[in-house]
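Enquirer: Residue-level listing of the chains:
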Amino acid sequence: MSNGTKKNALAAICGLLFALGLGLGGMTNPLKVQAFLDVLGKWDPSLMFVMGGGIVVGFWAFRAAKRRDHPFWGGDFGWPRSTHIDAQLLAGAAIFGVGWGLTGYCPGPALVALGAGRIGPVVAVSSMVLGMLATQAVIRRRGRTTSVAAARVT
Amino acid sequence: MMGFTPVGSTLGGLVLGVAISLLILFDGRIAGISGIVGRSFGARGAELSWRLSFLGGLVGGGLLWRLVSPGVFGAASSAGLVTMAIGGFLVGVGTTLGNGCTSGHGLCGISRLSPRSIVATLVFVATGILTVTVTRGRL
Chain A
466 MSNGTKKNAL AAICGLLFAL GLGLGGMTNP LKVQAFLDVL GKWDPSLMFV MGGGIVVGFW
526 AFRAAKRRDH PFWGGDFGWP RSTHIDAQLL AGAAIFGVGW GLTGYCPGPA LVALGAGRIG
586 PVVAVSSMVL GMLATQAVIR RRGRTTSVAA ARVT
Chain B
22 MMGFTPVGST LGGLVLGVAI SLLILFDGRI AGISGIVGRS FGARGAELSW RLSFLGGLVG
82 GGLLWRLVSP GVFGAASSAG LVTMAIGGFL VGVGTTLGNG CTSGHGLCGI SRLSPRSIVA
142 TLVFVATGIL TVTVTRGRL
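Chains as they are written, first to last, in the working numbering: chain A, 466 to 619; chain B, 22 to 160.
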């Protein structure tokens, strides 16, 4: 098996495991997710147990990864470049939370729910992709004007 | 699947933990779903193929759930289609601006103790709670 095929197979297995975990955890049911956010109603803390289970395993894996120069199969770690907490991060997270509360779907469960053959997740995912592309376009344009302005200053 | 499910949810979380661990340890990738989707556009070669493979597994897993246990998708819809469209759009905008969602910031970011991800997670959980509290008329 070529290195590329091996890596694609791993990604597919991880995607499948991710769908399995979300379903087992109850996170593919948007009403259950909304019940976690409904702290003044009939609160369902299950989502915290999903996060806890994931982080308990992930903590050790990420600790081991940080101590290595390269992943087991070579190449480099794709660590996020930005480390500072800025207005864009806060605004983005805040906007995401509103959409999450309205639909009960964050990106992972919404994609798994495409398999349900219902219209709701299809609408949620298509609008999500539209929102991503629109925001990417705005960020690119703003980046260009900012660099033009910076060039003028210098 | 309604009501508190501590055992099933912990089990599900452990499986998610295995998935994010395999991906980071073997191939150095972070299993952040919004990033995997958003950065597929314009990606080529290996950068595109691993993303499509992951997303194929994710949606394929959904199809399997439908065959084995369609109840996992919930008995009723959580929102009307207009709300789905508006909410979905906001999810796309917010995760792109904030560089991550529940998986990238919540699972992977907190696992590696990133202050940025911990703050992002606190913020989106807070506005999520606020949104459900207001739309369900709890105040």
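There could be a bad hint or two in this list.
[What the hints assert, rightly or not] Straight line, CA to CA, 25 Å or less: simulated DMTMM-like cross-link-like pairs of lysine to aspartate or glutamate:
id	chain 1	residue 1	chain 2	residue 2
1	A	K471	A	D534
2	A	K507	B	E68
3	A	K471	B	E68
4	A	K531	A	D541
5	A	K471	A	D551
Simulated from the structure, these hints should not be mistaken for laboratory data. Computed from a prediction, not measured in an experiment: that's the story for all the values here.
Enquirer: For every hint, state whether the structure bears it out.
Expert: Okay, the hints, checked on the actual structure:
Taking the CA atoms of A/K471 and A/D534, the gap is near 20 Å; set against the 25 Å cutoff, the hint holds. Taken as a hint, the A/K507 and B/E68 pair is broken in the structure, with Cα atoms around 43 Å apart against an allowance of 25 Å. Taking the CA atoms of A/K471 and B/E68, the gap is near 14 Å; set against the 25 Å cutoff, the hint holds. With a CA separation close to 11 Å, the supplied pair A/K531 and A/D541 stays within the 25 Å bound.
Straight-line distance between C-alpha atoms of A/K471 and A/D551 comes to about 38 Å, which puts the hinted pair past the 25 Å bound.
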